[in-house]
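Here's the letter readout for the chains.
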Amino acid sequence: MKGVISLLIIFSCLSFSYVGGSYYDKYESKIAKVLKKKMKIKAYGLEQTATIEGPSSFLESYLITDNNSDTELLLYCGTIITCDLGGCTASKYVKSEHEGKEYFDIMIITDIEKQIKQIKVLNYFSDYGYEIASKAYLKRYYKHNICDFSLEAQTVDAISGATISSNAINDALVMICEKN
Amino acid sequence: MKFLVYIFMFLFSAQLMGQRIDFENDKPISNNLFIKLYGNIDYNQKIESGVRHNGKLDVHRIVTLFGYQFSKKTQFVTEVEYEHANEVFIEQAFAKHQLASNHFLKAGLLLIPMGYINENHEPTAFYSVERPLIDRLVVPSTWREIGIGMTGIFIEQSLRYKLFLVNGFKSYDDTKGGLLSGSNGFRSARQKGIQSTMSGLPNLSGQLEYFGWLNTKIGFSFYHGTTSSDLYDGLLTDDVEGLAAADSSVVTMTMLGLHAQYRSGNAGFNTQFIYNHSSNVENYNAFTDKTFGESIYGFYVEPFYALITRDGLDHFSVFGRYSNYDLDASSEFNAGNTNVYTLGLNWKPTAGMVFKTDYQIFDEPNSDYSQFNFNVGVWF
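The listed protein sequences derive, respectively, from chains A and B.
Sequential numbering from 13 applies to the first sequence in my numbering.
Sequential numbering from 2 applies to the second sequence in my numbering.
Worth double-checking, as some hints may not be accurate.
In the BS3-like style, the derived pairs of lysine-lysine whose C-alpha atoms are separated by at most 27 Å in a straight line are [to be verified]:
(1) K48(A) / K155(A)
(2) K191(A) / K73(B)
(3) K73(B) / K45(A)
(4) K73(B) / K147(A)
(5) K57(B) / K42(A)
(6) K349(B) / K57(B)
(7) K147(A) / K48(A)
Everything labelled a hint here was simulated from the structure, so no lab data went into it.
Predicted, not measured: the structure shown is a model, and the values here were computed from it.
Put together the whole structure using the sequences plus the hints.
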């Protein structure tokens with residue numbers, strides 16, 4: 013019984029780990045790890061340049077400057093709306109309202125010309141469409157420019173069983189290109 | 002137990018007070034109640050040489066999902082199922098709360114993660130008119146019980162996990178007697194959240210699924226525990242005879258499942274293998290006069306091909322399935338090894354709607370017959 017109560021308290025303390033704040037603040041350690049391991053940037057400066065909001069996503073954009081070189085990168089991190097609560101019905105485009113939708117949090121790192129260098133799902137809430145979090149799928153976005161994506165055609169094919177989430181990433185990239 | 006519940010509720014309510022959906026600072030939450038629906042209306046025609054059979058037409062199920070997103074971290078989902086136009090059940094009713102990125106607490110009436118179809122059983126999620134027989138007779142879909150546990154994703158490893166403690170099957174009822182049988186396995190022993198009982202420890206249910214290869218999923222499911230019995234309720238601890246009877250009214254089961262899905266271009270396949278072993282079956286059958294099988298297994302292989310695909314939707318598909326199952330693979334009450342061959346077509350005029358038809362050949366130990374099936378299914 014004592015063990016069960018202890019576990020309950022620990023679980024609840026874990027759930028207090030994030031309340032409010034920016035998406036960068038929420039995922040700072042994960043973002044720093046990717047910058048260090050994949051982009052070889054150990055120490056960097058960070059400047060938020062904009063927030064980009066569209067019908068199905070909300071992203072913060074940052075300029076990252078390597079303290080030890082001239083390298084500059086762009087970071088986009090935030091939330092992308094995915095299936096309706098309770099599951100997906102395979103409609104191609106996500107509806108426009110934010111509230112009540114399931115979501116996933118994502119980070120995208122590009123160079124200054126917006127060529128995608130890294131893309132990573134940071135948090136996936138829904139029980140559906142999680143296949144888009146696999147590295148094998150996300151690698152297909154690398155070396156594409158953010159502005160290669162359009163609403164009319166699939167630059168990266170949707171993944172089987174995760175069509176809505178795949179399209180949601182596509183639409184978010186289109187929005188970044190249009191608004192940033 | 003009540004004290005535990007109060008602690009849990011206090012801690013979660015304190016957590017909810019600090020949450021908001023933070024798309025814009027201080028934007029109030031609205032429009033967070035959702036209603037969805039899935040259902041299928043079926044026609045089944047049994048065809049047997051020398052025998053007439055009536056066709057059956059049925060509003061097989063209409064399931065309404067109600068969901069409420071309390072905050073970005075917390076939701077409640079329930080499904081109310083109407084079966085055969087006159088039976089009402091609750092299919093799911095769970096609270097989900099995010100404890101850390103990609104890790105969630107789930108509690109309530111939960112779908113048991115065994116195989117693939119039990120949790121993904123909407124009509125647009127599988128090809129045949131009826132759910133695969135393995136997912137009716139071996140995995141008693143829709144299998145749902147009350148429990149609590151964790152679910153989440155290890156993103157770096159592309160692994161999805163679920164681990165729950167749930168109440169188990171009820172193998173003996175005071176009024177109905179033994180509920181396990183050789184003809185339908187565990188199906189009649191599902192408690193479905195209807196005044197469920199738990200005689201001893203909760204059962205353990207879990208699944209691990211790997212999704213790291215493109216368009217491929219491989220899953221391993223397990224379930225272990227002892228069934229429940231009304232005979233334990235009110236039993237005096239020094240009642241040796243009563244205890245012996247109660248012990249004879251339960252079995253301890255271990256069910257394992259493997260499922261895999263693969264797609265390349267327009268072609269692919271689904272496959273599933275489920276095996277269950279139960280102990281104390283000899284005593285159970287002797288006590289209840291049933292013929293429940295000590296070993297139960299089933300598997301199927303299902304290749305498919307999307308003939309017409311547009312905008313990510315398979316508009317027209319053809320599929321085949323070979324199923325084999327045995328509800329008693331090991332004892333003298335041999336329910337028999339059954340083969341089922343299925344061939345069918347799916348037409349999806351639009352996302353969320355499917356017209357299905359298939360033809361099945363049943364090769365059972367004591368009979369051979371076939372069946373024509375047709376249905377319309379929706380999920381929106």
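To see whether the hints hold, each was checked on the structure:
1. K48(A) / K155(A): 19 Å, holds
2. K191(A) / K73(B): 25 Å, holds
3. K73(B) / K45(A): 25 Å, holds
4. K73(B) / K147(A): 25 Å, holds
5. K57(B) / K42(A): 57 Å, violated
6. K349(B) / K57(B): 23 Å, holds
7. K147(A) / K48(A): Satisfied, since the Cα-Cα distance of roughly 18 Å is no more than 27 Å.
Checked against the numbered hints given earlier, this structure breaks only hint 5.
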